[in-house]
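Sequences and hints are given; from them, build the entire structure.
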Amino acid sequence: MSLIYRLKANHPNFSHVIHDYIGEMRPFAKRVSKPHLVIPMVMLKTIEWGIYRWHKTPIRRFYGVKSNELIYMITNACNDRCPKCGIWERPEPKSQHLMISHFINCLKRLHHNLYQVTLTGGEPLLFKKDVMLIAEEARKLNVPMVIVSNARLVDEEFLNRYKALGHILVISVDSVEKQKWNEFRGRNNFDIVMPKIMLAKNILGSQLRIQSVLSKESAQEIPKVIEWCKQQGIQHNTQLYQDFGAYNWHNAVTEKAMVDDGTPCAARKNICIYPNGDVVKCFDHRRIPLAKEPLGNIAKQDIIEILCTKRSTEVSKIMKTCNFPCKNMSCNKPQTLLFN
Amino acid sequence: MSALIIPCFIKNQWDIDCLNRLLGSVQSQTKPFERVYLVNDSSPLKYECRHDFVEHIILDKNGGPARARNIGIEKVLKLDIQHLLFTDHDCILDREWNEQMTSFLSRTEFAAVGGMTHSWGKTFLDYYHDINGTLAGKWLLPDKKELWYMPSLNFGMKAFAAEQFPFDERFPTAAGEDVDLCLRLRSKYRIGFCPAAKLWHDYGYKNSILGFNKFVKLFKKYKSSSATVYEGHTVLMWDSSESIFKGNMYESDLQA
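So the sequence lines, in the order shown, correspond to chains A and B.
Every number in my numbering is 23 more than the matching position in the first sequence, counting from 1.
Mapping the second sequence onto my numbering, position 172 (from 1) lands on 168, and the numbers just tick up by one.
For the record, the hints were derived by calculation from the structure and aren't laboratory data.
Glycine included, each C-beta is placed from N, C-alpha and C at the ideal position.
It is possible that part of the hints are untrue.
In silico SDA-like cross-links for lysine to any residue, where the CA-CA straight-line distance does not exceed 25 Å [unchecked claim]:
| id | chain 1 | residue 1 | chain 2 | residue 2 |
| --- | --- | --- | --- | --- |
| 1 | A | Lys53 | B | Lys194 |
| 2 | B | Lys202 | B | Lys71 |
| 3 | B | Lys118 | A | Pro50 |
| 4 | A | Lys356 | B | Lys216 |
| 5 | B | Lys140 | A | Tyr44 |
| 6 | A | Lys343 | B | Lys141 |
| 7 | B | Lys242 | A | Ser90 |
| 8 | A | Lys131 | A | Pro357 |
| 9 | A | Lys333 | B | Val212 |
| 10 | B | Lys219 | A | Glu47 |
| 11 | B | Lys202 | A | Trp72 |
| 12 | A | Lys53 | B | Phe208 |
| 13 | A | Lys57 | B | Lys141 |
| 14 | A | Lys333 | B | Ser239 |
| 15 | B | Lys141 | A | Thr344 |
| 16 | A | Lys131 | B | Ser239 |
| 17 | B | Lys141 | A | Pro287 |
| 18 | B | Lys184 | A | Ser90 |
| 19 | A | Lys68 | B | Phe5 |
| 20 | A | Lys343 | B | Glu238 |
With the Cβ distance kept under 7 Å, some of the chain B side facing chain A (calculated, not the full set) [said to hold, decoys possible]:
| id | residue |
| --- | --- |
| 21 | Phe49 |
| 22 | Arg103 |
| 23 | Ile127 |
| 24 | Lys184 |
| 25 | Phe241 |
| 26 | Gly243 |
| 27 | Tyr246 |
Shown next, in the form of structure tokens:
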């Protein structure tokens, strides 16, 4: 997963409009059996096309089928230095960090559609105060929340408040052995974090989950993590794929095997927000040429407006047939396939 | 056995004439309906139904076509009727419409069905709707083995599907509520297409010039509803589809 793209939002240009128009008109014109009616009919079709494209209409905000996941990468910054992940190398400057009120507003606007809001990073708990604001708002709006964390900053006060809100905490664990743990985290913090995981288990109970990322480097450790989770009664999930960062970790399953596994990508359900407020439909959006640039920014635009743009809908259409190895990222899998 | 549900909101004499014309076509079906429910959604104009085969339900408060249809659905589900069919007051049924729709539902595993809709008028605008498939269903691409969507003016459901998927009454007007229903229904079942079940829809264009304003308003209304539906169905809304017209109505045979 790369976070590198031009910051300037790229709106569809004139050639997109022409392409869209021709794409509509060509098959329509073929339907007209009487040659002398082709021009008047295409003119009427042009009017219909223009209305659908440009007519501004109030959206009734009453309504939603809970089929989307809102995923907020609250920060790139992290207090671990995991070699599997390069995000921590690119912490966003303070000036580019989204004001929390913008995200809360986005959550309010979308909550009818959400089955879950997920906070990821970087390490989300570096912004613990903001995380709790989101958790409380999600509770008010009746949207379940998930935080994916390394657990370094969890404490009793946080866990008790979080427990009361009924949300889920997912802790990332790739080894339960001290030496490997410290190697995988790039920090000697096994003795600090393990007790925190046990504290989280005691306080959160079934609201705690563990997730591991399978790689060649962690392949021997993951079965031990799974066994440990079984012993502790903690639900576990193994993520088969990650676009590994600068330290040359490798996927254990070949990309071809992951692509050919016959499962569809569920990333169309996602509405993803970057630390600066940029909106994409999937954190691996760069694989789709039309989706390379963000769809908009929630600090500047209403999220519904962003999602209703022509390009957003085109990207959603394209994503229906996405079949890349990143479909094995937890965020791109249907909820029912996780933590079984 | 089948029941027909017709929501109506009578505003003027044209609506009354349309409704009488529809009920005439209902009466002349080759296979009669077990029940016909006319759900009058608190219309401003009084309508006296002359047909004794019609159960005329007058609502005391206007709630939109979704609510009116749901009231009809509730009535039907209390009876031992397997098929619920829907049309609108400005339609005219082919004589075999009920026979074709119910026969399709009986012999296939589709939970719902749409028929073929033609324009009643003869203006350029009507011709446009015919080739555009404005109120015909939409094939789900790429296979065309089921429908992406079928407008509720030419629509039928099996009773178990109607029980699980009523119309969403938060849609206040006749736009979008049928798209929403189809999208929800398709999460569990499939919608078939029966080209032999024909009906005609009267758009009410006096002629191509005078009808133009109405034509534009129609698409503005649909644009508004599609934005609303999109807000609710950001995942399913953008599956590829192709509107049905005479030239592609027989491209798939879903009869078996």
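Right, here's what the structure says about each hint:
no., hint, result
1, A:Lys53 with B:Lys194, "24 Å, holds"
2, B:Lys202 with B:Lys71, "37 Å, violated"
3, B:Lys118 with A:Pro50, "23 Å, holds"
4, A:Lys356 with B:Lys216, "37 Å, violated"
5, B:Lys140 with A:Tyr44, "24 Å, holds"
6, A:Lys343 with B:Lys141, "18 Å, holds"
7, B:Lys242 with A:Ser90, "35 Å, violated"
8, A:Lys131 with A:Pro357, "23 Å, holds"
9, A:Lys333 with B:Val212, "21 Å, holds"
10, B:Lys219 with A:Glu47, "16 Å, holds"
11, B:Lys202 with A:Trp72, "24 Å, holds"
12, A:Lys53 with B:Phe208, "23 Å, holds"
13, A:Lys57 with B:Lys141, "29 Å, violated"
14, A:Lys333 with B:Ser239, "20 Å, holds"
15, B:Lys141 with A:Thr344, "18 Å, holds"
16, A:Lys131 with B:Ser239, "35 Å, violated"
17, B:Lys141 with A:Pro287, "20 Å, holds"
18, B:Lys184 with A:Ser90, "14 Å, holds"
19, A:Lys68 with B:Phe5, "29 Å, violated"
20, A:Lys343 with B:Glu238, "16 Å, holds"
21, Phe49, "36 Å, violated"
22, Arg103, "30 Å, violated"
23, Ile127, "5 Å, holds"
24, Lys184, "13 Å, violated"
25, Phe241, "6 Å, holds"
26, Gly243, "6 Å, holds"
27, Tyr246, "15 Å, violated"
Checked against the numbered hints above, the structure violates hints 2, 4, 7, 13, 16, 19, 21, 22, 24, 27; every other hint is satisfied.
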